[in-house]
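One line per chain: the protein sequences are A and B, in this order. Residue numbers for the first sequence follow the working numbering, beginning at 1 and rising by one. Residue numbers for the second sequence follow the working numbering, beginning at 117 and rising by one.
Treat the hints as calculated values from the structure; they're not laboratory data. Treat each hint with caution, since some may be false.
To be verified - Heads up, simulated DSBU-like pairs for lysine-lysine below, C-alpha to C-alpha not over 30 Å straight-line:
{"hint": "1", "chain 1": "A", "residue 1": "K14", "chain 2": "A", "residue 2": "K55"}
{"hint": "2", "chain 1": "A", "residue 1": "K55", "chain 2": "B", "residue 2": "K212"}
{"hint": "3", "chain 1": "A", "residue 1": "K41", "chain 2": "B", "residue 2": "K185"}
{"hint": "4", "chain 1": "A", "residue 1": "K20", "chain 2": "A", "residue 2": "K55"}
{"hint": "5", "chain 1": "A", "residue 1": "K14", "chain 2": "A", "residue 2": "K66"}
{"hint": "6", "chain 1": "A", "residue 1": "K14", "chain 2": "A", "residue 2": "K64"}
{"hint": "7", "chain 1": "A", "residue 1": "K66", "chain 2": "A", "residue 2": "K20"}
{"hint": "8", "chain 1": "A", "residue 1": "K66", "chain 2": "B", "residue 2": "K185"}
{"hint": "9", "chain 1": "A", "residue 1": "K41", "chain 2": "B", "residue 2": "K212"}
{"hint": "10", "chain 1": "A", "residue 1": "K20", "chain 2": "A", "residue 2": "K64"}
{"hint": "11", "chain 1": "A", "residue 1": "K66", "chain 2": "B", "residue 2": "K119"}
{"hint": "12", "chain 1": "B", "residue 1": "K185", "chain 2": "B", "residue 2": "K119"}
{"hint": "13", "chain 1": "A", "residue 1": "K64", "chain 2": "B", "residue 2": "K185"}
{"hint": "14", "chain 1": "A", "residue 1": "K14", "chain 2": "A", "residue 2": "K41"}
{"hint": "15", "chain 1": "B", "residue 1": "K212", "chain 2": "A", "residue 2": "K20"}
{"hint": "16", "chain 1": "B", "residue 1": "K119", "chain 2": "A", "residue 2": "K64"}
{"hint": "17", "chain 1": "A", "residue 1": "K55", "chain 2": "B", "residue 2": "K185"}
{"hint": "18", "chain 1": "A", "residue 1": "K20", "chain 2": "A", "residue 2": "K41"}
{"hint": "19", "chain 1": "B", "residue 1": "K119", "chain 2": "A", "residue 2": "K41"}
{"hint": "20", "chain 1": "B", "residue 1": "K212", "chain 2": "B", "residue 2": "K119"}
{"hint": "21", "chain 1": "A", "residue 1": "K66", "chain 2": "A", "residue 2": "K41"}
{"hint": "22", "chain 1": "A", "residue 1": "K66", "chain 2": "A", "residue 2": "K55"}
{"hint": "23", "chain 1": "A", "residue 1": "K64", "chain 2": "A", "residue 2": "K41"}
{"hint": "24", "chain 1": "B", "residue 1": "K212", "chain 2": "B", "residue 2": "K185"}
One-letter residues, chain by chain:
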Amino acid sequence: GAVVSQHPSWVICKSGTSVKIECRSLDFQATTMFWYRQFPKQSLMLMATSNEGSKATYEQGVEKDKFLINHASLTLSTLTVTSAHPEDSSFYICSARRSSGANVLTFGAGSRLTVL
Amino acid sequence: DAKTTQPNSMESNEEEPVHLPCNHSTISGTDYIHWYRQLPSQGPEYVIHGLTSNVNNRMASLAIAEDRKSSTLILHRATLRDAAVYYCIYRFGNEKLTFGTGTRLTIIP
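Kindly produce the complete structure, drawing on both the sequences and the hints.
Pasting the structure below:
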């Protein structure tokens, strides 16, 4: 079955540093990946749509210079939280859709970011 | 955004069937109904999806109303591992997937 791997699964960093989270589709190609964030006891909030070979599409209210997304290949998208602050602490989750046109998404296990 | 309405929480006894309802009155004729679930501290997991006919897979069944304005996810025999937040979502084709608040299912041993 389709597998999406996220790395790291958790990370702690100091305020002001940048953190990169990787999302890989292990056994299928994904032209489109989605990045979500989730605060405790809340639902997932879509941050951006990552398209292979082109710029990401950000949701309203999400700072594109703060959350840099790169989708350089059909199996890898990265989210970089730049100059992280404590309010950026959250659970970040990616998902990928098969390039073959399947109608379902496969999600990664998530990456928990804690900014001190 | 595609809006769905689900109860905030439900409880069920272990080894009994569970029926999780979802209202999606603004669904269009080409929108698929998807169900995902999220276990604690994990990413969502696909459960099932359908368009018009009822669907069955190894995890669950999906019963879709004739007018498609509501659907019910059926777990035939709940186990403790089914305790999760269940999200009902509808989308067309390759549209982005937006989540509502979901239903937090508690399984009572």
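Status of the hints after comparison with the structure:
Taken as a hint, the A:K14 and A:K55 pair is honoured in the structure, with Cα atoms around 28 Å apart against an allowance of 30 Å. A hinted pair counts as satisfied when its Cα atoms are at most 30 Å apart, and A:K55 with B:K212 qualifies at roughly 16 Å. Distance restraint check for A:K41 and B:K185: the Cα-Cα separation of roughly 27 Å lies within the 30 Å cut-off, and the hinted pair is therefore satisfied. Annotation: proposed proximity of A:K20 to A:K55 holds, straight-line Cα distance about 17 Å (limit 30 Å).
Under the criterion of a C-alpha separation no larger than 30 Å, the hint pairing A:K14 with A:K66 is consistent with the structure, at around 16 Å. Between A:K14 and A:K64 the alpha-carbon distance is near 21 Å, which keeps this suggested pair within the 30 Å criterion. Annotation: proposed proximity of A:K66 to A:K20 holds, straight-line Cα distance about 12 Å (limit 30 Å). Our distance criterion of 30 Å between C-alpha atoms is broken by A:K66 and B:K185, whose separation comes to about 39 Å.
Distance hint between A:K41 and B:K212 is fulfilled; the C-alpha atoms sit about 22 Å from each other, no more than 30 Å. A hinted pair counts as satisfied when its Cα atoms are at most 30 Å apart, and A:K20 with A:K64 qualifies at roughly 14 Å. Straight-line distance between C-alpha atoms of A:K66 and B:K119 comes to about 28 Å, which keeps the hinted pair within the 30 Å bound. Using a Cα cut-off of 30 Å, the hinted pair B:K185 and B:K119 holds, with the two alpha carbons roughly 11 Å apart.
In summary, the hint linking A:K64 to B:K185 is not supported, as the alpha carbons are separated by about 36 Å, beyond the 30 Å threshold. A hinted pair counts as satisfied when its Cα atoms are at most 30 Å apart, and A:K14 with A:K41 qualifies at roughly 24 Å. Distance check on the hinted pair: B:K212 and A:K20 sit about 23 Å apart at the alpha-carbon level, within 30 Å; holds. A threshold of 30 Å between alpha carbons decides the hint, and for B:K119 with A:K64 the separation of about 26 Å falls inside it, so the pair holds.
Distance hint between A:K55 and B:K185 is unfulfilled; the C-alpha atoms sit about 36 Å from each other, more than 30 Å. Taken as a hint, the A:K20 and A:K41 pair is honoured in the structure, with Cα atoms around 24 Å apart against an allowance of 30 Å. With a C-alpha separation of about 19 Å, the suggested pairing of B:K119 with A:K41 holds against the 30 Å cut-off. At most 30 Å may separate the alpha-carbon atoms for a hinted pair to count; B:K212 and B:K119 meet this at roughly 13 Å.
Between A:K66 and A:K41 the alpha-carbon distance is near 24 Å, which keeps this suggested pair within the 30 Å criterion. Between A:K66 and A:K55 the alpha-carbon distance is near 15 Å, which keeps this suggested pair within the 30 Å criterion. For the hint linking A:K64 to A:K41, the alpha-carbon distance of about 25 Å falls within 30 Å, and the restraint holds. Restraint check: the Cα-Cα separation between B:K212 and B:K185 comes to about 20 Å, which is no more than 30 Å; the hinted pair holds.
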